[in-house]
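Starting from the given sequences, assemble the full structure and let the hints guide the process.
Number of protein chains: 2
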Amino acid sequence: MITINENFLELQDSYLFSTIAQKVQAFQEKYPDKKIIKLGIGDVTRPIVPAVLEAMHKAVDELGKEETFRGYGLEQGYEFLREKIAQYDYAKRGVTIQLDEIFVSDGAKCDCGNIGDILGLDNVVAITDPVYPVYLDTNVMAGRSGTYDAISGKYRKMIYLPATAENHFIPDFPKKVPDMIYLCFPNNPTGTTLSKEILKKWVDYARKNHALILFDSAYEAYISEDNVPHTIYEIEGAKEVAIEFRSFSKTAGFTGLRCAYTVVPKELKGYTKDGKEIALNGLWNRRHGTKFNGVSYPVQRAAEAVYSAEGQKQIKENIAYYMNNACLIREGLQSAGYTVYGGINAPYIWLKVPNGVTSWEFFDILLEKANVVGTPGVGFGPSGEGYFRLTSFGTKENTMEAMQRIKNMK
Amino acid sequence: MITINENFLELQDSYLFSTIAQKVQAFQEKYPDKKIIKLGIGDVTRPIVPAVLEAMHKAVDELGKEETFRGYGLEQGYEFLREKIAQYDYAKRGVTIQLDEIFVSDGAKCDCGNIGDILGLDNVVAITDPVYPVYLDTNVMAGRSGTYDAISGKYRKMIYLPATAENHFIPDFPKKVPDMIYLCFPNNPTGTTLSKEILKKWVDYARKNHALILFDSAYEAYISEDNVPHTIYEIEGAKEVAIEFRSFSKTAGFTGLRCAYTVVPKELKGYTKDGKEIALNGLWNRRHGTKFNGVSYPVQRAAEAVYSAEGQKQIKENIAYYMNNACLIREGLQSAGYTVYGGINAPYIWLKVPNGVTSWEFFDILLEKANVVGTPGVGFGPSGEGYFRLTSFGTKENTMEAMQRIKNMK
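Protein chains in written order, with the working numbering: chain A, 137 to 546; chain B, 137 to 546.
These are computed hints drawn from the structure, not numbers from a lab. Where hints are given, some of them may not hold.
Which copy is meant is left open, so a pair is good if it fits within one copy or across any two.
Stated by the list, open to error - Below, computed lysine to any residue pairings styled on SDA-like, alpha-carbon distance capped at 20 Å:
1) 409 x 279
2) 312 x 258
3) 505 x 490
4) 293 x 137
Now the structure itself:
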C-alpha cells in the first residue's frame, strides 16, 4: 500500500495572497471606477536589460546550428558563468570561492528548500519571525518542524527568532541552540539588514555551536550603505558554517527567466550521529547531480551577460529606479506620520500600523480609503502583527500617486 | 551540532561514465591518429528546430518590453503550454487530462527524484534491472533502499525486477509486493518496450495491491509500432495508480533548454499509515509550489512551439534521423552476427556481448579493435551484465562508419 509523507498534513494552508486577491476583487467589483494601486507584489516589473537580451538571442541561435548546439551541460553550471560569479560576486570583495563551490540552479527558492535533502531530520531549525515562508514550509514537509500549535501560530519544534522594532530587527540568540539557522539579509519582508559586526556575532555563534547558517542573500544588489556585508563570506570564519543562496531574480529581473546559485564552501562540515565530519560540498554536489539537470543554456548566457560592463550599468539603472520608489515610499509615509523601516538596503518597506489596528485591519483601511494594496505583516509570522509591507516594484507614477493618497487619507 | 542525512553515505560512487572517459582518453593518447566514434552518449546532437527557435526569440523580445514583460509565472506552468500538452499528448489519444493535473518542470530527471518528497519513507520500492540510475539513487538518499550488499551489487530493501532476453525484457511480478514501482518504457537502457496488454497487467497489479506506478515516458516520441502505449493513461484504470513523467529533452532536443512535465491524476490516492486516503495531486501541487518556481518563460514558449504544425514536422525529421541511425546499428550489428534488441521504439540498441566476455571486456575490445565507444550493460545494474548499449544520437556518417568497423572486426 502506497503511503504518503504525512508531514505534509502538518502544513498550514497559506491564505495570505489568495485572501488579498479576493478582497481586492470584491472591492473592485463594488467600486469599478476606483483605480487600485498594488504595492503588495514581490515581483519585479522592469524589462530585462538589452545586454542580457542580446546574450540570450545569441545563445538561442547557437542552439539552432549543428556546430554550436549544446545539449546537457554540467549540472553545476557552465564554467563561463561560475567564473564570472567567483570573480565579480566574491573575488572583487576579497573573498576566494572556488568554481566547484558554486552550484548554478534555477532558483534560490528551490535551493533553500532542497538543501534540506542533505541534512539530518533531527536538526533543530531556527527561523526569524517574520519570515519568508519557504524556510518554514520545507522543514514542515521534511518533518523537522513538529506539530502546529494554532494558539501561538507556531510549530512546536521550530525556534522562532522575533525581529521587531523592539530589537531593531536584530534577532537575539535563542535560549535553545539550533542546528540550522535561516538568515535572510537584506531581509524579506522587513527590508532591514545586519551590519558586519552583528553578522559576525552570528557566525561566531554558529562556529561555537557547530550550527549551520543558511544565508539567503537574494536582495544583495539593493545594498546601498557601507558596513553591510554583500556576502556572508566577508565575515571571518563564515566558510566553516554558512551556505549562501544568491539569485538573479531581483538583481537582474530574472523572476521569469530563472537563474540562481548556491555556494557550499569545502571547509563546511556536517556530522554523522557518532560525530564523524563530512564535507557538505560533496553531499550537495551529489544531490545536485542526481536530482537536477542544469539550468537552460540561454539562461546561463543571460546570467553571464549580467556581469558585463553594459549589463552592470543597465541592471543598476533598474535597481536605482526601484530604490527611488523605495525612497518615495519612505518619505511619503514618514510625512504622513508613519514609522517606517527598511527601504534603504532592500526594495521592501516595513511600516508600523497605527496603534489599536491589526495588520489585516490596516489592509482594509488602506484598500478602502486609499485604494492601495499592500501585505499584512502577520502573513509572514506571528511577530509580523502590527506591521505592513509595501514594495518598491511598482512604477514611479503609481508609487507617487499611492503616497499622495495615503497622505490625504490622514 | 548540524547532522547530515546519513543515507547519502550509502550511495555507491558511479564510476561508469568517468571510467569510460578515462579509458577513451588513455586510448587516444596512445593512438593519437585513431578516430574514435562515440556511440555511448545519451544526449541529442541535432540542433533545435526553427519553429522552436523562432518562438524563443519572440519570447525573449517580450521580456525586453515593459508592456509584455513577465516575471513569476505559475509554478505549475503557463496555461498556454498545459493546454497544448492536454490536447496533443492526451486528448488526441483519447485520454482526458485536466490542466491542474499537469505540472510543467525543468526536467523529468528532477521530477523522478523529487516525487519521493510526497511519499512515505516506509514504502518498498521496485526498479527494473538494468535501470536508469536516478530512480535508485534518489531512493537511497531518501532512506528507502536499505544498505548496500557489495556481493550482489544490490541494496537490501530494494526489489530488483530483472529484464533480460530470457524474459523478453518484460519484468515478472516480484515475490514481495512493492509499494512504488518505477517503469520506464520505451526503456533506457534496453531500448525495448511493453505492449498495451503487458502494461495493463502492471496497472491491474498496482490496482490490486494499492501500489503506485512511476511511469517514465521520456522516449515516447520514438515509438514506431502499433500496440505500444504512448501514455500509461491509455490503459484503463491507470489514473488510479500512475504518475507519468514526460520530457521535451529527447522529443525535441531540449536537453540543454530544460522542459518537462509530470501528470498526477486527481483519482490517484496515497494512504496515511492508518489507511486514510489522500489525493497525491494536492500533495505534489504543494511540493511543486513550495520547492520550485516555474520554468523559464522563453523555454515554455519554446515547448509550446513543439506542438505547432511546423514544430511537429521539424522535430519528426530529427527523430527520423536518429531512428534511421538506430536501424543502421541494428542491421549492421545483425549482419556482423550479433543479437540485438531495442532500436525500434527507442533510440537505444542493446546488444548481447559474445559468450565468455563481460560487458567491460567487450567495451575494451570495441574500443581497441573498432575505435568505437559504447556503454557496458553492467553499468546499469547487475542484470545488465552480458549486454552493451549503443545509442543512435551520433551523425549518420559516423554511425555507418562505426558499423563498417565492427563488421571488419569479426
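Outcome of the hint check:
no.	hint	in the structure
1	409 x 279	both (18 Å within a copy, 15 Å between copies)
2	312 x 258	within (14 Å within a copy, 31 Å between copies)
3	505 x 490	within (15 Å within a copy, 83 Å between copies)
4	293 x 137	between (30 Å within a copy, 16 Å between copies)
Of the numbered hints stated above, none is contradicted by the structure.
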